[in-house]
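Read top to bottom, the protein sequences are chains A and B. If you're matching positions, the first sequence starts at 1 in full-length UniProt numbering and goes up one per residue. If you're matching positions, the second sequence starts at 1 in full-length UniProt numbering and goes up one per residue.
Just so you know, not all the hints are guaranteed correct.
Unchecked claim - Derived pair list, reagent style DSS-like, types lysine-lysine, alpha-carbon separation capped at 25 Å:
{"no.": "1", "chain 1": "A", "residue 1": "Lys283", "chain 2": "B", "residue 2": "Lys262"}
{"no.": "2", "chain 1": "A", "residue 1": "Lys354", "chain 2": "B", "residue 2": "Lys235"}
{"no.": "3", "chain 1": "B", "residue 1": "Lys262", "chain 2": "A", "residue 2": "Lys279"}
{"no.": "4", "chain 1": "B", "residue 1": "Lys71", "chain 2": "A", "residue 2": "Lys267"}
{"no.": "5", "chain 1": "A", "residue 1": "Lys413", "chain 2": "B", "residue 2": "Lys235"}
{"no.": "6", "chain 1": "A", "residue 1": "Lys143", "chain 2": "B", "residue 2": "Lys27"}
{"no.": "7", "chain 1": "A", "residue 1": "Lys191", "chain 2": "B", "residue 2": "Lys41"}
{"no.": "8", "chain 1": "A", "residue 1": "Lys203", "chain 2": "A", "residue 2": "Lys279"}
{"no.": "9", "chain 1": "A", "residue 1": "Lys140", "chain 2": "A", "residue 2": "Lys103"}
{"no.": "10", "chain 1": "A", "residue 1": "Lys283", "chain 2": "B", "residue 2": "Lys256"}
{"no.": "11", "chain 1": "A", "residue 1": "Lys279", "chain 2": "B", "residue 2": "Lys71"}
{"no.": "12", "chain 1": "A", "residue 1": "Lys463", "chain 2": "B", "residue 2": "Lys27"}
{"no.": "13", "chain 1": "A", "residue 1": "Lys162", "chain 2": "A", "residue 2": "Lys140"}
{"no.": "14", "chain 1": "B", "residue 1": "Lys262", "chain 2": "A", "residue 2": "Lys267"}
{"no.": "15", "chain 1": "B", "residue 1": "Lys266", "chain 2": "A", "residue 2": "Lys279"}
{"no.": "16", "chain 1": "A", "residue 1": "Lys357", "chain 2": "B", "residue 2": "Lys256"}
{"no.": "17", "chain 1": "B", "residue 1": "Lys266", "chain 2": "B", "residue 2": "Lys41"}
{"no.": "18", "chain 1": "B", "residue 1": "Lys27", "chain 2": "A", "residue 2": "Lys354"}
{"no.": "19", "chain 1": "A", "residue 1": "Lys403", "chain 2": "B", "residue 2": "Lys262"}
{"no.": "20", "chain 1": "A", "residue 1": "Lys403", "chain 2": "B", "residue 2": "Lys235"}
{"no.": "21", "chain 1": "A", "residue 1": "Lys354", "chain 2": "B", "residue 2": "Lys262"}
{"no.": "22", "chain 1": "A", "residue 1": "Lys279", "chain 2": "B", "residue 2": "Lys41"}
{"no.": "23", "chain 1": "B", "residue 1": "Lys27", "chain 2": "A", "residue 2": "Lys267"}
Keep in mind the hints are simulated off the structure, nothing from the lab.
Single-letter residue listing:
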Amino acid sequence: MSLKQRADRQGMPCQDPRVRRHNFQEVALGYTKEQAMEEAGRCLQCKKPKCREGCPVEVLIPDFIQAVAEGDLAKAAVLLKEKNALPAICGRVCPQESQCEAKCIVGIKSEPVAIGRLERFVADWEMRQGAPCPEQAPRKGKKVAVVGAGPAGLTCAADLAKLGYEVTIFEALHTAGGVLMYGIPEFRLPKDIVEQEIDNLRKLGVEMQFNSVVGKATNVHELLANGYEAVFLGTGAGLPNFMGIPGENLCGVFSANEFLTRTNLMKGYCFPEFQTPVKVGRKVAVLGAGNVAMDAARTALRLGAEEVHIIYRRSEKEMPARAEEIEHAHEEGVQFQLLTSPVEIIGDENGWVKAMKCVRFELGEPDASGRRSPVAIPGSEYIMDIDTVIVSIGTGPNPLATKSVSDLELNRKGNIVADEDGRTSIPGVFAGGDIVTGAATVILAMGAGKKSARAIDEYVMAKAAEKAI
Amino acid sequence: MYPIVRKEIFSPTVKLFDIKAPLVAAKAQAGQFFILRADEKGERIPLTIADFDREEGTITAIFQEMGAGTKRLGQLEVGDNILDVVGPLGVPSEIERFDGPVAIVGGGVGIAPIYPIARALKAAGNEVFAIIGARNKELLFWEEKMASVSSQLIVCTDDGSYGRKGFVTDALKDVYEANSNLNHVWAIGPMPMMRAITNVTRPWSVKTIVSMNPLMMDGTGMCGACRVQVGNETKFACVDGPEFDGHLVDFDLAMKRLSIYKDEEKRALAALEHQHQGGGCGCH
Numbered sequence: 001m002s003l004k005q006r007a008d009r010q011g012m013p014c015q016d017p018r019v020r021r022h023n024f025q026e027v028a029l030g031y032t033k034e035q036a037m038e039e040a041g042r043c044l045q046c047k048k049p050k051c052r053e054g055c056p057v058e059v060l061i062p063d064f065i066q067a068v069a070e071g072d073l074a075k076a077a078v079l080l081k082e083k084n085a086l087p088a089i090c091g092r093v094c095p096q097e098s099q100c101e102a103k104c105i106v107g108i109k110s111e112p113v114a115i116g117r118l119e120r121f122v123a124d125w126e127m128r129q130g131a132p133c134p135e136q137a138p139r140k141g142k143k144v145a146v147v148g149a150g151p152a153g154l155t156c157a158a159d160l161a162k163l164g165y166e167v168t169i170f171e172a173l174h175t176a177g178g179v180l181m182y183g184i185p186e187f188r189l190p191k192d193i194v195e196q197e198i199d200n201l202r203k204l205g206v207e208m209q210f211n212s213v214v215g216k217a218t219n220v221h222e223l224l225a226n227g228y229e230a231v232f233l234g235t236g237a238g239l240p241n242f243m244g245i246p247g248e249n250l251c252g253v254f255s256a257n258e259f260l261t262r263t264n265l266m267k268g269y270c271f272p273e274f275q276t277p278v279k280v281g282r283k284v285a286v287l288g289a290g291n292v293a294m295d296a297a298r299t300a301l302r303l304g305a306e307e308v309h310i311i312y313r314r315s316e317k318e319m320p321a322r323a324e325e326i327e328h329a330h331e332e333g334v335q336f337q338l339l340t341s342p343v344e345i346i347g348d349e350n351g352w353v354k355a356m357k358c359v360r361f362e363l364g365e366p367d368a369s370g371r372r373s374p375v376a377i378p379g380s381e382y383i384m385d386i387d388t389v390i391v392s393i394g395t396g397p398n399p400l401a402t403k404s405v406s407d408l409e410l411n412r413k414g415n416i417v418a419d420e421d422g423r424t425s426i427p428g429v430f431a432g433g434d435i436v437t438g439a440a441t442v443i444l445a446m447g448a449g450k451k452s453a454r455a456i457d458e459y460v461m462a463k464a465a466e467k468a469i
Numbered sequence: 001m002y003p004i005v006r007k008e009i010f011s012p013t014v015k016l017f018d019i020k021a022p023l024v025a026a027k028a029q030a031g032q033f034f035i036l037r038a039d040e041k042g043e044r045i046p047l048t049i050a051d052f053d054r055e056e057g058t059i060t061a062i063f064q065e066m067g068a069g070t071k072r073l074g075q076l077e078v079g080d081n082i083l084d085v086v087g088p089l090g091v092p093s094e095i096e097r098f099d100g101p102v103a104i105v106g107g108g109v110g111i112a113p114i115y116p117i118a119r120a121l122k123a124a125g126n127e128v129f130a131i132i133g134a135r136n137k138e139l140l141f142w143e144e145k146m147a148s149v150s151s152q153l154i155v156c157t158d159d160g161s162y163g164r165k166g167f168v169t170d171a172l173k174d175v176y177e178a179n180s181n182l183n184h185v186w187a188i189g190p191m192p193m194m195r196a197i198t199n200v201t202r203p204w205s206v207k208t209i210v211s212m213n214p215l216m217m218d219g220t221g222m223c224g225a226c227r228v229q230v231g232n233e234t235k236f237a238c239v240d241g242p243e244f245d246g247h248l249v250d251f252d253l254a255m256k257r258l259s260i261y262k263d264e265e266k267r268a269l270a271a272l273e274h275q276h277q278g279g280g281c282g283c284h
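Chain A extracted, bound-state conformation:
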């Protein structure tokens, strides 16, 4: 065997499930320096690194890992951040198993190198040291507007600032981060880490205007008319879907967005010190099985629910959530009602949820896409005692910003039509992330922001050259 037998992958120290299900502190505790160096030593330093092909923002993976193996963490941080503006976040929430780590050669015979954990370790180390100000190109004296301060917008803004643009981010909420702040819970992604990474963008000179709803207070054409050379739309997929079943407006039925935003962004778990209340009953049903559903279920447990059920109409294998999140949810005591779907939410005389009627499914023959679609079993209806329902069946594009621009081409779902590099039907207007693709991952949104930054630079430079002639 040409590859020598690799040592085992370093495990991630975690909080005990029995303890952590009662607190909002981070579950995964991170590597020590010794563990990180040991893990970095497992990397083969491939000449043609496959892992990089799996990373949507093209992080210099073998290079930064080499620096970790040598114990030169400052160098590792510089290499890491050359391509990724938000490494402490990506190291925590990326689905590495289907991206960089899926391509790792070591993973063929053994477990892949823990690239995400190493990324997290380096970013956390640098935060503790205090990050130096990144290098910037000379100022270009040109302004670009970025709409939405989620992962796509933040990445686009960071790359444009590095290229020398004056960037202003317009954000509807009172803080930056988008889903990183309101959606992903504290126990997976501590908010002080998100805030620190965003502070690094401020050091690059990125200006942030909060409480600015593009589509209401201003619109894309006004921005273009007011001196911005280009606009990047990264407004995300923030419109919650509901099931459309009877009883969905009863008291005690929440969208996952509402439930998580109250808890995370508004710090409802510190009520009443923080004034925003969040309600959770004793028996909670979470509809859906994506990452957001896992987040909502685990949050409900931490807020004191006695029983939390994930209700999903397919089987465990089809659940869209990351394997790690499903495992964490299991460990913490979340119960899974698979091949099950609600048909009606039943209320009491005060308009509160008291039960839910569900129906059992079985998996039918594979359809054209090869996926076995669930088929309801006749007569299998049953009633579940439930007092809270959290609907987590996905989100659509929020139309506030797009509705205000009549000449912006949208598809039938309301997503912006954009090419690979984010060019839309309006010259100078670019878009990327969930508003283009529909709800996807943090890192894909970041990749889209990065590509658009490059395309915006080309566009603005070409326009300037044209003017000069």
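Following the hints, position chain B against chain A.
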């Protein structure tokens, strides 16, 4: 930061702020609202834009102290800053020159949001009958301002302490009897009052617009906390409204949904009072 430049106290619980928020003032239209967050620990509170001054860059909000959030807000003074102000939000009122007179009814703090709508209706050339009402004289405000934007103003109090004794619904019936060509009615106030108005106008088949005031959080359509049942459809009041056809609104459901956080609101009030006595919250 958004400074409070003027404060007016209408009653022990009803207060007015002029807030410097030039970007909101520049775009505000009748029927729209904004959301504020007083400080880092505060909740997001939706308030209707009762008036705006584009040149001064200010918006006017009138609010009634009900829970902990509005109580704390009421303690702020001129010169204090509000941490976050976001707006204008919601769809503006549909203002046009109607074929026939219109009536606009404001109950309690609902007098505030009807003012810019009445003004816009009058400016569009409508004959505007305005009816304002409150439980008692102490809770009334803006009588002169309302008179200046209406063809006729009727003031009512439930207890007869000022103006005509009785409910705004009775005053509206009188207006309709004298003007059966009434074309549109706007009603803004507490949900029971809006429901009562829609019940009065339903047999007349006069289009009746209400401005829903459900619980809200973000105010930009991302959570659905504010959803209301309108006909067979679920609507988000913050982006599809807040104005809806009152004859289609399920008020019973809307009122139940207002009580979702009733217990928590009590706890928050208790905590606020406890804090005043020098106690901590015990959260950490």
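Now the hints, each set against the structure:
1. Lys283(A) / Lys262(B): holds, 19 Å
2. Lys354(A) / Lys235(B): Between Lys354(A) and Lys235(B) the Cα gap is close to 23 Å, so the pair holds against 25 Å.
3. Lys262(B) / Lys279(A): Holds, at about 10 Å.
4. Lys71(B) / Lys267(A): holds, 20 Å
5. Lys413(A) / Lys235(B): holds, 18 Å
6. Lys143(A) / Lys27(B): holds, 23 Å
7. Lys191(A) / Lys41(B): Roughly 15 Å separates the two Cα atoms, so the pair holds.
8. Lys203(A) / Lys279(A): violated, 38 Å
9. Lys140(A) / Lys103(A): Roughly 39 Å between the alpha carbons, so the hint for Lys140(A) and Lys103(A) is violated.
10. Lys283(A) / Lys256(B): The hint holds at about 21 Å.
11. Lys279(A) / Lys71(B): holds, 22 Å
12. Lys463(A) / Lys27(B): Distance of about 31 Å is beyond 25 Å: violated.
13. Lys162(A) / Lys140(A): holds, 11 Å
14. Lys262(B) / Lys267(A): holds, 19 Å
15. Lys266(B) / Lys279(A): holds, 13 Å
16. Lys357(A) / Lys256(B): holds, 22 Å
17. Lys266(B) / Lys41(B): holds, 17 Å
18. Lys27(B) / Lys354(A): violated, 44 Å
19. Lys403(A) / Lys262(B): violated, 35 Å
20. Lys403(A) / Lys235(B): holds, 17 Å
21. Lys354(A) / Lys262(B): holds, 18 Å
22. Lys279(A) / Lys41(B): holds, 18 Å
23. Lys27(B) / Lys267(A): The given pair, whose Cα atoms are some 31 Å apart, is violated under the 25 Å limit.
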